[in-house]
Amino acid sequence: TRPETMLGDTGVAVNPKDDRYTDLVGKTVLLPIVNREIPIFSDDYVDMEFGTGCVKVTPAHDPNDFDMGERNNLDIINIFHANASLNENAPKEFQGLDRYEARKKVLAEMESLGLLDKTEDYEHSVGHSERTDAVIEPYLSKQWFVKMQTLAEPALEVVKDGKVKIYPERWVKTYNHWLENIKDWCISRQLWWGHRIPVWYKGDEIYCGLSEPEGDGWVQDPDVLDTWFSSWLWPFATLGWPEKTEDLKRFYPTQDLVTGPDIIFFWVARMIMAGLYFKKEIPFSNVYFT
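Numbering (the working numbering), first residue to last: 807 to 1096.
Since the hints were derived computationally from the structure, they do not count as laboratory data. C-beta: ideal position from N, C-alpha, C; glycine also. Do not take every clue at face value.
[Claimed, not checked] Restricting the straight-line Cα-Cα distance to at most 30 angstroms, the calculated cross-link-like pairs of lysine-lysine (DSSO-like) are:
id, residue 1, residue 2
1, Lys924, Lys910
2, Lys833, Lys911
3, Lys966, Lys948
4, Lys833, Lys862
5, Lys966, Lys989
6, Lys833, Lys979
[Said to hold, decoys possible] Pairwise CB distance ranges, derived in the manner of DEER restraints:
id, residue 1, residue 2, range
7, Glu876, Trp1040, 50 to 58 angstroms
8, Gly933, His983, 36 to 44 angstroms
9, Glu855, Asn893, 29 to 37 angstroms
10, Lys971, Glu1018, 38 to 46 angstroms
11, Pro869, Ser1017, 32 to 40 angstroms
12, Lys833, Asp853, 16 to 24 angstroms
My request is simple: use the sequences and hints to build the entire structure.
Written out as structure tokens, the structure reads:
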């Protein structure tokens, strides 16, 4: 685990079938260093055979922990600034420290308190930036999402009904599995280029529109749209949509799409969803994966 994230822990999880901890579920423990009471709860996500079978839960800094936190109504405490130094939600002596310095300090504090049983190396996958090779720190932040369930259902139906055919057919299973287990789509990106999100803020007011709102004091959202949010409009946006152009009438929908299976989720499924939502008809009849 990352010792420094324990400062943002809001629960301890055990498996509901683990008899070792049944009598502890519903009770609380005192989080060391922070001295905050946090609940012990049960969740099927916990692997009884891994480690002690008890999992520290930090919803703000781990996607699996976030899901457990949502299911169990845990508090969410973000302890990091955007530069991975510790913020005001950490104890005062940790505030401003880089995460790695905080890690050493947490271990030292735990040892001084007589609470450190042992330390050992654990090999696992750590995300790195493909540009800078910097370690990516899971970090909870506000983003824009699109609800996908109601968009996915008709996209599933047109393939099941044969209105859209996929070749080779083995990719139908992959297509269906993704749509049947779809999650809401985060469409905001913190990049320096792209289509700006058409949202402006002034105090607590939020305005969404094609152009900047009238009046002073409005500030546009600094984020840009996910590139696939632009790309899923390709079958009709390139033909002049939303205007009713002659090209749009003639070329939409088209017949065949030839592409690679690596973008079946990113592009193919989303073009079908967008076509059905915005144009009320499929964008193409056949998908050929090469």
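Now for the hints, and whether the structure bears them out:
1. Lys924 to Lys910: The given pair, whose Cα atoms are some 14 angstroms apart, holds under the 30 angstroms limit.
2. Lys833 to Lys911: holds (28 angstroms)
3. Lys966 to Lys948: violated (36 angstroms)
4. Lys833 to Lys862: Answer holds: lysine 833 to lysine 862 is near 15 angstroms, not above 30 angstroms.
5. Lys966 to Lys989: holds (20 angstroms)
6. Lys833 to Lys979: Violated, at roughly 44 angstroms.
7. Glu876 to Trp1040: 50 to 58 angstroms: violated (34 angstroms)
8. Gly933 to His983: 36 to 44 angstroms: violated (24 angstroms)
9. Glu855 to Asn893: 29 to 37 angstroms: Distance hint for glutamate 855, asparagine 893 holds at roughly 36 angstroms.
10. Lys971 to Glu1018: 38 to 46 angstroms: At roughly 44 angstroms between Cβ atoms, glutamate 1018 and lysine 971 fall inside 38 to 46 angstroms, so the hint holds.
11. Pro869 to Ser1017: 32 to 40 angstroms: holds (36 angstroms)
12. Lys833 to Asp853: 16 to 24 angstroms: Distance hint for lysine 833, aspartate 853 holds at roughly 22 angstroms.
Hints 3, 6, 7 and 8, counting from the list given before, are not met by this structure.
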